[in-house]
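**Q** Keeping the supplied structure of chain A fixed, place chain E upon it in accordance with the hints.
Taken in order, these protein sequences are the chains called A and E.
Using our numbering, the letters of the first sequence correspond one by one to residues 1 to 205.
Using our numbering, the letters of the second sequence correspond one by one to residues 1 to 150.
Keep in mind that a hint or two might mislead.
Heads up, incomplete: computed chain E residues facing chain A, CB under 7 angstroms, no partners named [stated by the list, open to error]:
id, residue
1, V23
2, T37
3, V79
No wet-lab data here; the hints were simulated from the structure.
All of these numbers come straight from a predicted model, not from anything done at the bench.
Glycine included, C-beta positions come from ideal geometry on N, C-alpha and C.
These are the residues of each chain, in order.
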Amino acid sequence: MSRFSTPLSDVPAAFAAPALAGQEVFRGALEALSRPGRIVRIAAELQAPSGVQRAAAALALALLDQDTQLWLSPSLADPAAAAYFRFHTGCVLAPAPERADFALVAARELPPLAAFAPGTDEFPHRSATLIIEVQSLVAAVGAASGWTLSGPGMQAPIGLRVGGLGAPFVREWAQNHRRFPRGVDAYLTCGDSLCGLPRTTRMEA
Amino acid sequence: MQTGDDAQRSRWMGWLARAPLAVLESWAARAPRPEFTWLRRPETGLVMLRARAGGSGDKFNCGEMTVTRCVLRTAEGEVGVAYVQGRSARKAELAALADALLQSALHGERTERELVEPLRLRLEAEAARAQRKAQATRVEFFTLAREAGA
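The following block holds chain A by itself, in its conformation from the complex:
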């Protein structure tokens, strides 16, 4: 378009009100991880890059900064999305999952959970946090199909139906849970909704 080189020509604006929205989304992220299985809606006004869900973009905007490395799964790693997160958060793009502090992943492209940093027994917080874009995310009370979640933050087991993550994920999650205090934490996002899955959560299909 222009004779001047700028990667910003196609980058959408992010949060309409950055400070307030960042706090609101951060609050939502805390709520989601402390009450696993509860579906949290992100109401903050923002423009996400094309192909990235709003809740996933909002989480990344609220959580990333120049000290974090972000890994984007192949279908999300187009230059426009990469430029968006680089510009708005200052984050560094990780070349591979094992280097990532945060990963933004489409469910069908999710690498094995063991590919991400699990932290160490001394420093379990040095683990990766995954933001997984799924096709549907529904709280399923007493449903026959779907997952049953239990563990800290839940008084009684909670039902959750997730589109796009199958039996292999449930198996890997069980391994992830057994590695405690090491392991990854995850957010599942779908459109405006998100749901937290900390490593302490037990999952049965």
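**A** Same frame as chain A, but now just chain E:
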């Protein structure tokens, strides 16, 4: 490696960064005022300035400087970026707007003529004046050999 156009842009961004607010305001009163959206609203922070001892020695952290930055995109699609000295959000906005207009085929030349050229002459004259004043107080130590590069 910067191309010629980018080098030119980095020069004018440098002039705009040091422009007094009054100069930018008086230009803005006459300049075209395109519609724009913010990509990054003005925000103030600190930038660590690094220098080299004697201009050629080791790098060291000279001190922090207050900088205000912003990024906007005009309706025509040009992206204007500003990093300006001080805390004035208005100054950052006008500098970013000027940067966007300078890239535009329609307004570039006019903005160059009405803002950047006078600004360059003014800042160069100020620098020359400061240098003359400093030179006038220079002390020559005739008995000592001049240090290399002085």
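**Q** Are the hints correct? Go through all of them and say.
**A** To see whether the hints hold, each was checked on the structure:
1. Interface hint status for V23 of chain E: violated, as the beta-carbon distance to the closest one in chain A is roughly 23 angstroms, over 7 angstroms.
2. Hint status for T37 of chain E: holds, given a least beta-carbon distance of 6 angstroms to chain A, under 7 angstroms.
3. Annotation: V79 of chain E was flagged as interfacial toward chain A, and the flag holds, the nearest CB pair being 4 angstroms apart, inside 7 angstroms.
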